[in-house]
Amino acid sequence: MSDRVEVRKTYKLFIGGAFPRSESARTTAVTAPDGTLLAHVATASRKDVRDAVRAARGAQESWAGRTPYNRGQILYRIAEVLEGRAAQLAGELEAVGVPAAEARADVEAAVDGAVYWAGFADKLEQLVGSVNPVAGPFLNLSSVVPMGVCALACPDTGGVRGVLGLVCPAIMAGNAVVAVAGGPAALVTSTLGEVVATSDVPGGVVNLLTGDHAQLLPWLADHDDVDQIDLSGAPAGIAADLRARTAENLKRASATHGAEDLRTAMAFCEIRTVWHPASI
Amino acid sequence: MITASRDSRGIVLEGVAVDTPLRVQPVDALALQERAARLVSRSVKRESKVAGLELSVRCVDLTTLEGADTPGKVRAMCARALRPDPDDLSLHPVAAVCVYGALVAEARDAVAGSPVKVASVAGAFPSGQSHLHERLEEIRRAVDDGAHEVDIVLNRGALLSGRLDVVHDEIAAAKQAVGHAHLKTILETGELGSYEMVRLASMIAMAAGSDVIKTSTGKLPVSATPPVALCMSEAIRDFGEQTGRVVGLKLAGGVRTAKQALGYLALVAETLGTDWLTPDRFRFGASTLLNDLVLQLRFQRTGRYPRPGDLPVD
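Line by line, the protein sequences are chains A and B. Just so you know, the first sequence maps onto residues 14 to 293 in our numbering. Just so you know, the second sequence maps onto residues 11 to 324 in our numbering.
Don't read these hints as lab results, they were simulated from the structure. Possibly wrong hints are sitting among the right ones.
Derived DSSO-like pairs (lysine-lysine); straight-line CA-CA distance at most 27 Å [to be verified]:
# : chain 1 : residue 1 : chain 2 : residue 2
1 : B       : K55       : A       : K60
2 : B       : K269      : A       : K60
3 : B       : K83       : B       : K229
4 : B       : K269      : A       : K25
5 : A       : K60       : B       : K83
Since we're looking at a predicted model, the values are computed, not measured.
Required output: the full structure, derived from the provided sequences and hints.
Next comes the structure, spelled out in structure tokens:
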């Protein structure tokens, strides 16, 4: 038997590349199915939302300014680091009651998803950008631009893939994100901050908040500086209210559910068309 | 001719332009820092917060002091000064706009007919290192162009080499040169080295006739800080007790957020009393602060976090 004192981990938020506790100092107890206390996870408040959006806004422009190829490299790096942490993340899912095989499959699917979106990064423009035929002496180009700052409601029961399935396509397209997850996903969401922090993702591009959807999502839906909210994991009872709030400030509301396809990629960007006043 | 003598209770200045000798008490730096930190971290909520934010807007000297300033930029800034929040017409204009001497006429024209004052920096701002007659000429010119207030820099070179009479007499000469305009003297506390020096500089500047003493030019990395603001506030209070004269305070440089502004209001109210919470006696010299104040007021009004990119930057 080892004499070592157990080193227990403090599960914190991930904002602007740092790991702060919640501004509110609140935590939520996460327990195993048999009721054993596993950890007290930081519970984000509206002021953490405010700070995360500010960090995301500050990081978005230079992130979008990187080449899609470079963003792809960094996404692939996320997959690499995630692979190395697979056992830890699967263990954290098992601890909250996910069967071992399912936990393992979830982490593997998350790694594969990160690789998928890494490859997508420098193909998006070819797939949907175009030179358009117009009736006049103009060069007419349609190209892809990111939405800006995206709020992501990740499903509490979605595990690692529930979080990364939204984060990866959003940052692939050049957005900065504020992702919210809680409940059984709280432990892995907090740990994913460590994955992102060691994957060359610039601070502020990905912000991860553990907390209660019903408390945090209204602030994100109302926030004028958030350009999009993905409601994939929003509790059914509040989704309609959140959509009504997004209508107030003309925010895009989507529900991609992390599908790996072009439609998801397009949910996180818009097409901008320019008319160049010269023919070629 | 000023003389400064030191006894067990501090420095005594004699020969300054007030009737009695002025006592400059020593400063306990640690106590000053502790007290300042406590005062500026006071929590201000709800209707008091809204009142504080609105007061802060009214106390702003909206400033642009760049080599790249153009008449167009000054006009744009004046438009913001007159109507800080385009969505809220009930919000008062700021106290003043602050520009370089060459742009005073432009600013004066842009704010004509409004309560917004025009302030000009003058006297070889920001270093002050030119001949006295040139500095005085610059001051007279700014007033002739229509400046209501003139911000001059204290002669730090003279102060730091102990030539207190030079410091005093130059400010007194500037006071004569501004005539009816208000004279604000910048101490540039980041270059003074100690709180005691800040206190001494404050006393000399006030004794020489400054209407307002101001922390900084905003051209140094270290500008207005809570301990310096407290030190100058205490100097103003003590000067008032010794001479019966009222002097204003302007904090410039480094005040960027609404939260800092509310902290400084608390500090000033506790030290000088609420009589000082008016644009006549208290100012923030700032450019980015105004937008943050407006954003915080919008949040208080709507309950939704606003988009910083919705407001103009100059």
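The hints, checked one at a time:
1. K55(B) with K60(A): The hint holds at about 15 Å.
2. K269(B) with K60(A): This hinted pair holds, its Cα atoms lying about 14 Å apart.
3. K83(B) with K229(B): Status holds; Cα separation ~19 Å.
4. K269(B) with K25(A): holds (25 Å)
5. K60(A) with K83(B): The hint is violated at about 35 Å.
Checked against the numbered hints listed earlier, the structure breaks hint 5 alone; every other hint is satisfied.
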